[in-house]
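Protein chains: 2
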Amino acid sequence: MPNPTAAMLVIGDEILSGRTRDANMHHLAGELTRVGIDLSEVRVVHDDEAAIIAAVRALSAGHDVVVTSGGIGPTHDDITAEAVACAFGRPIGVREDARAILAAHYDARGQELNDARLRMARIPEGATLIDNPISAAPGFTIENVHVMAGVPSIFQAMVASVLPTLTGGAPLLSQSYEIRRGEGDIAAPLSDLAARYPDLSIGSYPFIRDGCHGANIVIRGADGARVDAAMTELAGMFPA
Amino acid sequence: MPNPTAAMLVIGDEILSGRTRDANMHHLAGELTRVGIDLSEVRVVHDDEAAIIAAVRALSAGHDVVVTSGGIGPTHDDITAEAVACAFGRPIGVREDARAILAAHYDARGQELNDARLRMARIPEGATLIDNPISAAPGFTIENVHVMAGVPSIFQAMVASVLPTLTGGAPLLSQSYEIRRGEGDIAAPLSDLAARYPDLSIGSYPFIRDGCHGANIVIRGADGARVDAAMTELAGMFPA
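Chains as they are written, first to last, in the numbering used here: chain Y, 1 to 240; chain R, 1 to 240.
Pulled out of the complex, with its shape left as it was, chain Y reads as follows (with noise of 0.2 angstroms):
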């Protein structure tokens, strides 16, 4: 049976100008490929409540997991919730659980749950809450939907939260090798490889360091048998 796929789905702005280097992406990918869960496709789109939509909807309906991060603060461009709400036509208002979760929180700190911190108690209908054990504000999962924060400690947070709920597969051995020649040199042996080892992954990613051309080759796979056995071949063929 192949692995369940999942897709992740990256909101805001300060991605796309440049501004901010996103790193939960990183993240996610390898703690999904840790658990089996083969990370398939990623999409960041700006705070724009159409754009949202419809990649939760397009990305809901081709993978058995989605995971969101970024927009569910308390400012006036954090719009995640509503869209994801409106992805599945459900209304979003604010939930007794989640407001009492942000009560206590403010409260043990002396700060105010104003209007603006109760826009985070704002959950969809049928949502389950994400524990957010850093600055309390929950995330949210709905279907196959799972809603957290972009604060990478945050979002890190959430994710450690999710990750066990979900059904893995067989998690992918990898193995990798450094070949200091240009991919040039290599490609038509590792075709080859690839070829006789249909059951595995065989990648090819170049580099340059020191004006030097080098590919890693990485192998994967579910059988570390199999993984072995075609490195084995590899390094016998480009001896380091």
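Calculated directly from the structure, the hints in this document are not laboratory data. Bear in mind the structure is a predicted one, so any value in this text is a computation, not a measurement. Zero decoy hints are in this set.
So these bits of chain Y aren't anywhere near chain R, every CB distance computed over 10 angstroms:
1. 64
2. 94
3. 97
4. 101
5. 122
6. 144
7. 159
8. 169
9. 199
10. 221
11. 240
Some residues of chain R that are not near chain Y, with every Cβ distance over 12 angstroms (derived):
12. 86
13. 90
14. 91
15. 92
16. 94
17. 96
18. 104
19. 129
20. 130
21. 144
22. 165
23. 223
24. 226
25. 229
26. 236
27. 240
Which residues of chain Y face chain R? A few of them, derived with a C-beta cut under 7 angstroms, are:
28. 13
29. 16
30. 18
31. 42
32. 43
33. 45
34. 76
35. 153
36. 187
37. 188
38. 194
39. 206
40. 208
Beta carbons are placed, not taken as given, at the ideal position from N, Cα and C, and that holds for glycine.
Let chain Y serve as the given structure and place chain R on it in line with the hints.
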């Protein structure tokens, strides 16, 4: 007139598996913003022909400019050129001008232009070549899609080649202001400010530093005097 919009398609299993952290998106985002082109959407897909074709068609139809990165090398997992040709219904084959560029490059280095390397001269019919000053193998432009290499140094060189050929818009001016308070404390006045300056984009990007909440407020717009005015008001509301 609104600025032209762009989309980026990143092609690469290594990004989606978490093995490599993408660097090209951040570079392209900054370069496009500088010339007044709005990067509106980014997609990341596997080295998978159907996924590349679907994404190229959707992004090409929805945006003025599309830039792809990755998958144009000589190895068996480099399938971008074929997929892009297919997306536009164009035949693809070795083109003489591309072959000549490669032949000169490898001749000068005493290396063989073997079959694998010759694959990099396969260019869809009607495409224009994109210069590659680093390793010769060209990218290409077909309709509004610019197909570039994934290796960051080559990607950046290709972006530099193509950027002057694109029609930009009014460069967005941007100023930012750091406020060392939680977003919940600043959301209401910020929302008022945004309502009074509907011609500007006012974004709030929260962070947690040394355990304290803060936010960077970024004000963007084409009219520098308006950006200045809004920023002066903001600084008055939240003195440093």
